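Engineer: Both chains are given apart, each in its own frame, so use the hints to dock them into the complex.
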Amino acid sequence: MSRSDVLVDADWAEAHIGDPGVVIVEVDEDTSAYDKGHIPTAIKLDWKKDLQDPVRRDFVDKTGFESLLSERGISNDDTVLLYGGNNNWFAAYAYWYFTLYGHDKVLLLDGGRKKWELDSRELTTDVPERPRTSYTASEQDASLRALRDEVVAAIGQRNLVDVRSPDEFTGRLLAPAHLPQEQAQRAGHIPTARNVPWSKAANEDGTFRPDDELRSLYESEAGLDFGRDTIAYCRIGERSAHTWFVLHELLGLPNVKNYDGSWTEYGSLVGVPIELGEAR
Amino acid sequence: MSTPDGCGAPAGGISVSAASGTFGGQAVVEGRVVHDGAPVASGYARLLGTGDEFVAEVPLGDDGGFRFFAAPGSWTLRVLAPGGLRAERSVQADYGQVTKVDVAI
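First to last, the protein sequences are chains D and C.
Start counting the first sequence at 132; every next residue gets the next number (our numbering).
Start counting the second sequence at 2; every next residue gets the next number (our numbering).
Just so you know, the hints here were simulated from the structure itself, not pulled from any lab data.
Computed from a predicted structure; not experimentally measured.
Note that the Cβ used here is the ideal one computed from N, Cα and C, for glycine as well.
Do not rely on the hints blindly, as some may be mistaken.
[What the hints assert, rightly or not] Here are the simulated SDA-like cross-link-like pairs (lysine to any residue), alpha carbons at most 20 Å apart as the crow flies:
| hint | chain 1 | residue 1 | chain 2 | residue 2 |
| --- | --- | --- | --- | --- |
| 1 | D | Lys167 | C | Thr77 |
| 2 | D | Lys331 | C | Thr77 |
| 3 | D | Lys331 | C | Val102 |
| 4 | D | Lys167 | C | Asp53 |
| 5 | D | Lys167 | C | Asp63 |
[As the list claims (entries may be wrong)] Negatives, chain D to chain C, calculated, CB over 10 Å:
| hint | residue |
| --- | --- |
| 6 | Asp142 |
| 7 | Asp181 |
| 8 | Pro185 |
| 9 | Val211 |
| 10 | Asn217 |
| 11 | Lys245 |
| 12 | Pro262 |
| 13 | Ala273 |
| 14 | Leu304 |
| 15 | Ala306 |
| 16 | Gly358 |
| 17 | Val403 |
[Said to hold, decoys possible] DEER-style ranges, computed between Cβ atoms:
| hint | chain 1 | residue 1 | chain 2 | residue 2 | range |
| --- | --- | --- | --- | --- | --- |
| 18 | C | Leu86 | D | Arg340 | 21 to 27 Å |
| 19 | D | Asp208 | C | Pro83 | 48 to 54 Å |
| 20 | C | Asp37 | D | Ile148 | 29 to 35 Å |
| 21 | C | Glu89 | D | Trp143 | 42 to 48 Å |
| 22 | C | Asp103 | D | Ser274 | 37 to 43 Å |
| 23 | C | Leu86 | D | Glu344 | 25 to 31 Å |
| 24 | C | Asp37 | D | Ala284 | 56 to 62 Å |
Looking at chain C on its own, in the form it has when it is part of the complex (with noise of 0.2 Å):
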């Protein structure tokens, strides 16, 4: 796995197709999103808290892909892309377990 140790999100986007389930005890949320069955490599995605406040974003991969470390509970994911494409899903976390969201947009 290749992450930043500073704050920035992997400003290349992340590849989720690569072997996941080896992040112990984090509460991860990744994905993929598409577009017409066609990975969206160019594109955001946003996890928002309670309020729809903001948390993090990351450019998604070639892929089409993201990846979050959150806590434990809800969230909202919310996925922005050229051409004013947007979608918005709901998703639970929990620690030690990869909550997977494939997102059509």
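In isolation and in its complexed conformation, chain D is listed as follows (with noise of 0.2 Å):
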């Protein structure tokens, strides 16, 4: 697998709206920004209504994504393109949603909403109509996701990779700066964990960085050892969805995991090591 095999550009984007092999999707948290205008011919997926489970702390299961498809008229052969505002955040995993439930051919579109919206390109608020399949996922696929046992076990075993912002990473910060500070778990992050922000993996438009950079980022910067098993977490698992795009997707590490539960699990879990401040 190759950067081009998962990451197209907009101009890829802009030639194919209308084919009919491919489905643009705008995924967000809050799908106002949708509502207000998205690429010609996108669905959307709001990633909280669509893609959780609405009791369980949970996403979408294996049924619930079958029905979600199709209901989308989303087919098996399609190819899925995605993309989202956050820089891709919400996109990204939901790509690693498709992956897990194992979609063939899906892309991510580098830069997402900010750089098609700075580039000033087309928008439309018209909503396509898309007629009914029938979809059929596969079993997830449990080498891409770490639940909190696994994640307990890993430390100092394998390489920790926390994406959140230095601020969150040390406890300065219990969230991101555009949200409320108010969140009732412990600050600070799993021991042996390194701060690789995902931010840094990606240049100011949204687009990502090179192959090389990248590399060299997590490699010599972030001082990870390529030949262990990785385990990539933020807060609720959409920033390392990001940070696991570039790790497995773009750079072609085999063992990558997203810890979905993140921070929002971890930090609330009674009787786990933390560390605060810098990285040790």
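Structural biologist: Following this line, the structure appears as structure tokens:
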């Protein structure tokens, strides 16, 4: 797998608007951006309403994923092109879901919604109608998802990459700075984790940095051992999906998992070790 | 106040024209971005920490507004908008204060 198999630029997207085999999907937490204007022919997925379990703390299961994609008119054979706001955080998270459930052809739009907007490319409020399909998902690929016990066992054993901002890593902030800071869980990070903020993998316009710079960022600067397995985490698992995309999809590292429970789970567990301050 | 409880910025931006000052002990940095006297409704505000470290980013609201919940200290605010427009300001935040930063680009 190479970069061009998983990542396309805005020119590619523009050239494939209306292509019957390509479904463009905007993924956001707050879909009001889609409602104000989106890439022509794009449908929307609401990260919370569509992709999270409404009761349990978990994401949509296999059956739910199948019904969602069938209802939105996505077929197993379609090439799904994902993009979104927040520098593609939620689009990368959705990319991880599609991969987890075995979708064959899934792509991420480099730079996402921001780059598209900053380029002043066309946005529309027209909502496409797609006929219903009968989508079949695979069982979740457990090699891509880390759960809490595996994370605790990985302390000192695997690469743990905390992709939150340095202030969240050290315990100065409990959440990204566009959110109120009232969360109740403990601050800090998982012992032995390296802090490589997701933002270091992206340019200011939201596009990904070149492969050689990314490799150097994680290997030389952060000291990750690329021979070891890796778990990435953040606060709720979407920024770490962005880093999972970099490590697993762009750089092709074989054993990289996203810990979607992330700090909101780990920082609320009773009795697990936590470190404050800089990485040790 | 409408704020997502996940990690995402309010994608449609926020309106700071509505009454603020109800954020308790939060260290709020907020303002509006204008160009030629008109609100910049399509663009982004980023908050940067020490060493230009990215902290957060929000899309501008219909009134050009943005709002961050920071921590006490010095921050850099950077604004990006279509047409290559950009601007940068230094800001100080503190708990219980709403620091207003209006930016003309």
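Engineer: Flag every earlier hint the structure violates by its number, smallest first.
Structural biologist: Result: hints 1, 3, 4, 10, 11, 14, 15, 19, 21 and 22 break, sorted rising.
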